[in-house]
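Engineer: For the record, the sequence lines run as chains A and B. Just so you know, we're using the numbering used here here: the first sequence kicks off at 26 and counts up by one. Just so you know, we're using the numbering used here here: the second sequence kicks off at 26 and counts up by one.
Treat each hint with caution, since some may be false.
For each label pair, taking beta carbons as the anchor points, the in silico distance ranges come out as [to be verified]:
#1 B:Ala75 x A:Asn144: 49 to 55 Å
#2 A:Gly391 x B:Ser299: 43 to 49 Å
#3 A:Asp79 x B:Thr130: 47 to 53 Å
#4 B:Gly362 x A:Asn144: 34 to 40 Å
#5 A:Asp113 x B:Gly391: 41 to 47 Å
With a Cα cut of at most 30 Å, we get these calculated DSSO-like pairs of lysine-lysine [as the list claims (entries may be wrong)]:
#6 A:Lys431 x B:Lys431
#7 A:Lys424 x B:Lys154
#8 B:Lys431 x A:Lys154
Simulated from the structure, these hints should not be mistaken for laboratory data. All C-beta atoms, glycine included, are put in the ideal place defined by N, C-alpha and C.
Number of protein chains: 2
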Amino acid sequence: MRAKEPTTTLDLAQNPPMVSRRRLLVGSAGALASVSLLGFSPLARSQTPATLPDYAAWKSLSDLIVHSANTMETRRDAIGSGVLTPSDKLFVRNNLPSPGEAIATDRDAWTVNIEGVKNPRALTIAELKTMGVETVAAVLQCSGNGRAFFPHGASGTQWSVGAAGCVLWTGVPLRTVVDALGGVADGMNYITSTGGEELPEGIDPKTIRVERSVPVAALDRAILAWELNDDPLPVTHGGPLRMVVPGYYGVNNVKYVRHIAFTPNQTDTKIQVSGYRLRDIGVKGASDQPSMWEMNVKSWVTSPLEQTPQGRHMIYGVAFGGSRAVASVEVSLDGGGNWQQARFLGPDLGPFAWRPFVLAANLAPGDYRVVSRATDSDGNSQPENRTENERGYGHNGWKDHGVTLKVT
Amino acid sequence: MRAKEPTTTLDLAQNPPMVSRRRLLVGSAGALASVSLLGFSPLARSQTPATLPDYAAWKSLSDLIVHSANTMETRRDAIGSGVLTPSDKLFVRNNLPSPGEAIATDRDAWTVNIEGVKNPRALTIAELKTMGVETVAAVLQCSGNGRAFFPHGASGTQWSVGAAGCVLWTGVPLRTVVDALGGVADGMNYITSTGGEELPEGIDPKTIRVERSVPVAALDRAILAWELNDDPLPVTHGGPLRMVVPGYYGVNNVKYVRHIAFTPNQTDTKIQVSGYRLRDIGVKGASDQPSMWEMNVKSWVTSPLEQTPQGRHMIYGVAFGGSRAVASVEVSLDGGGNWQQARFLGPDLGPFAWRPFVLAANLAPGDYRVVSRATDSDGNSQPENRTENERGYGHNGWKDHGVTLKVT
Numbered sequence: 026m027r028a029k030e031p032t033t034t035l036d037l038a039q040n041p042p043m044v045s046r047r048r049l050l051v052g053s054a055g056a057l058a059s060v061s062l063l064g065f066s067p068l069a070r071s072q073t074p075a076t077l078p079d080y081a082a083w084k085s086l087s088d089l090i091v092h093s094a095n096t097m098e099t100r101r102d103a104i105g106s107g108v109l110t111p112s113d114k115l116f117v118r119n120n121l122p123s124p125g126e127a128i129a130t131d132r133d134a135w136t137v138n139i140e141g142v143k144n145p146r147a148l149t150i151a152e153l154k155t156m157g158v159e160t161v162a163a164v165l166q167c168s169g170n171g172r173a174f175f176p177h178g179a180s181g182t183q184w185s186v187g188a189a190g191c192v193l194w195t196g197v198p199l200r201t202v203v204d205a206l207g208g209v210a211d212g213m214n215y216i217t218s219t220g221g222e223e224l225p226e227g228i229d230p231k232t233i234r235v236e237r238s239v240p241v242a243a244l245d246r247a248i249l250a251w252e253l254n255d256d257p258l259p260v261t262h263g264g265p266l267r268m269v270v271p272g273y274y275g276v277n278n279v280k281y282v283r284h285i286a287f288t289p290n291q292t293d294t295k296i297q298v299s300g301y302r303l304r305d306i307g308v309k310g311a312s313d314q315p316s317m318w319e320m321n322v323k324s325w326v327t328s329p330l331e332q333t334p335q336g337r338h339m340i341y342g343v344a345f346g347g348s349r350a351v352a353s354v355e356v357s358l359d360g361g362g363n364w365q366q367a368r369f370l371g372p373d374l375g376p377f378a379w380r381p382f383v384l385a386a387n388l389a390p391g392d393y394r395v396v397s398r399a400t401d402s403d404g405n406s407q408p409e410n411r412t413e414n415e416r417g418y419g420h421n422g423w424k425d426h427g428v429t430l431k432v433t
Numbered sequence: 026m027r028a029k030e031p032t033t034t035l036d037l038a039q040n041p042p043m044v045s046r047r048r049l050l051v052g053s054a055g056a057l058a059s060v061s062l063l064g065f066s067p068l069a070r071s072q073t074p075a076t077l078p079d080y081a082a083w084k085s086l087s088d089l090i091v092h093s094a095n096t097m098e099t100r101r102d103a104i105g106s107g108v109l110t111p112s113d114k115l116f117v118r119n120n121l122p123s124p125g126e127a128i129a130t131d132r133d134a135w136t137v138n139i140e141g142v143k144n145p146r147a148l149t150i151a152e153l154k155t156m157g158v159e160t161v162a163a164v165l166q167c168s169g170n171g172r173a174f175f176p177h178g179a180s181g182t183q184w185s186v187g188a189a190g191c192v193l194w195t196g197v198p199l200r201t202v203v204d205a206l207g208g209v210a211d212g213m214n215y216i217t218s219t220g221g222e223e224l225p226e227g228i229d230p231k232t233i234r235v236e237r238s239v240p241v242a243a244l245d246r247a248i249l250a251w252e253l254n255d256d257p258l259p260v261t262h263g264g265p266l267r268m269v270v271p272g273y274y275g276v277n278n279v280k281y282v283r284h285i286a287f288t289p290n291q292t293d294t295k296i297q298v299s300g301y302r303l304r305d306i307g308v309k310g311a312s313d314q315p316s317m318w319e320m321n322v323k324s325w326v327t328s329p330l331e332q333t334p335q336g337r338h339m340i341y342g343v344a345f346g347g348s349r350a351v352a353s354v355e356v357s358l359d360g361g362g363n364w365q366q367a368r369f370l371g372p373d374l375g376p377f378a379w380r381p382f383v384l385a386a387n388l389a390p391g392d393y394r395v396v397s398r399a400t401d402s403d404g405n406s407q408p409e410n411r412t413e414n415e416r417g418y419g420h421n422g423w424k425d426h427g428v429t430l431k432v433t
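Chain A with its partners taken away, still in its complex shape:
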């Protein structure tokens, strides 16, 4: 499993729960600084740590909440109403420290070993680029997005809504590669991807290696991606080459991928066996619990936030189906009492993309609780409440994701 990260650096600045006072906790490695903020101060925006780690220095600091050197989320008010998330605003979550730019000095020479196929072999990116190409718009989202809303203090980065973005991935469909290598070998049930990080000595590799297995059915959607939003994939986000499984939680999209193996069983790395497992509070992770694979239907409001003058407003947000298309989204201004159908905005980028939505509303002075509830193409709607679970995974309950709006 991943290296232990600083626990519970709580940032609720952008997402006040239903309490009258908010606590903004900014810190790292356990050294917490506690600041009390009253009301709806815009101060929150300036409370962000002032620096980005070197490997992510090119990103837009003012659009990010920096939780740690390995974890940065997009501010709710920076998500906007776009069909795509610009790369410099996209969240970062590394399970191991970034290997740095050195691994991308000769991108085309990067090799990936394809195993568990009839004719296993190593392929360079240069070779992959001649085999086939596709561009897919997909939501990338951390399993723990929304963890900050769990009241039991789920361990891990306290993501609010911004450990998610919708981006374009360009690369070769894994199916195309596998077909060229004679097809999947018999008896293989999983696709197991291994990251290219150098592991520290003296630690059992199984406990820290980023190696994840997904069901072999994901072969129909997986791509080996070398571009993000039409630019060469930054190392920050897994370049030169990343295993991308549209519709699956972020951890399954293995960065700097070095090995793709079709395997009969799931890998025995800690990140697979006990990590990213959905279980009751207090229960340890184990392989008989559901793994964080396919994402569920989800949405949240992005604007207006906190305070706005009375009058007619456009309420914006984003909605996605997770592992299938989003079909519709409703908005409530009274915390779920009454719902109105919102309208999708802009072009539909396909089943794995999110769709910005908008609802026009006349707002009189007062306090509003603005929530959104999406429904996917199979008819699944977001539940009202979170599913309580030890690590705060997979939160798509609509109630917690709302915003409190003061109209003056």
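Knowing the structure of chain A, use the given hints to seat chain B on it.
Structural biologist: Then chain B, alone, in the frame of chain A:
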């Protein structure tokens, strides 16, 4: 009409015609520097003028060919295979000098007068933002894109393929605004938009004002846009507010728009009466000639260019239908002798967007002439040849837009 611009600063660096030696002419205001280049030197990339004008200093110089302070095109090799053009790579063409950032100090306070409706009035952007919103992906293309391929030396900027890009526009549908103002007044046949540039004194405004009329039917697609690619619309590209008519040539998308008037007749400005009129070589512009309104079907190859090693390659390009969706595109490796169907890449962003395309090809050593030919949803295909015309407008002939490729 627009201020006189330097004539014929020819740049064929990215687009060699079928000759063995190329001339790279870089200069301005008639002071031409002539450089002869042999073969397929990559030098061309470094021959670009070293500076961008102040109002466009934020753009990516290495992706642009700077023709003049008012005209910059995207390099063919910078267009890539993306569904969208990043704003910093998008071409620039101003008919008058940019008014500069000062006009955008308070974007929401910018006003536009809506006239020729039942209840004419001025509206601020803040007001427009409450009325409605839509996001449209559309190709923005200069009428003279491809002018460099006219052998008669058509006057004006010598655009090759890069006076075009596909971008997202966000704003309020003009129809929504007009409906809120009681609808179009009786007897109005055109939508006439006026730019907000300050005009120099001592010159008849009609000869320089950027004021364009389009048929009132364009009301069904026009939007008043305040965002480009999900960011506030840069002044460089017409912010704070631009009249956008998807499917129409660039000149009809009036920048810093101050007046939208529904009018019985076309405006009597020079840019409308005699400018942007399609006519035979040697003929002066006049109002009985076709105006540069709806765009036609077009495509071009973007990669590989010039030289590449033998083997299997992906040939990339972009294709669009102009004023309707693109339906298909073919590629020929022998200058139009044999054609193969190419495949569209990535999500379809709607009828006014372009689509990147790709064709896999095994290339043996030799010289190739790579051309592409798109067909729109009405069955219109690009013609082989340009339509000769005085100003080099509307060129969509497939032959001239091809590239010569040396495979070694």
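Engineer: Taking the hints in turn, state whether each one holds.
Structural biologist: Hint by hint, here is what the structure shows:
1. B:Ala75 x A:Asn144: 49 to 55 Å: 51 Å, holds
2. A:Gly391 x B:Ser299: 43 to 49 Å: 58 Å, violated
3. A:Asp79 x B:Thr130: 47 to 53 Å: 35 Å, violated
4. B:Gly362 x A:Asn144: 34 to 40 Å: Holds, since Gly362 of chain B and Asn144 of chain A (Cβ atoms, about 36 Å apart) stay within the stated range.
5. A:Asp113 x B:Gly391: 41 to 47 Å: 43 Å, holds
6. A:Lys431 x B:Lys431: At roughly 65 Å apart (the allowed maximum being 30 Å), Lys431 of chain B and Lys431 of chain A break the hint.
7. A:Lys424 x B:Lys154: Since the Cα atoms of Lys424 of chain A and Lys154 of chain B sit roughly 28 Å apart, the hinted pair holds (cutoff 30 Å).
8. B:Lys431 x A:Lys154: Holds - the C-alpha atoms of Lys154 of chain A and Lys431 of chain B are around 20 Å apart, at most 30 Å.
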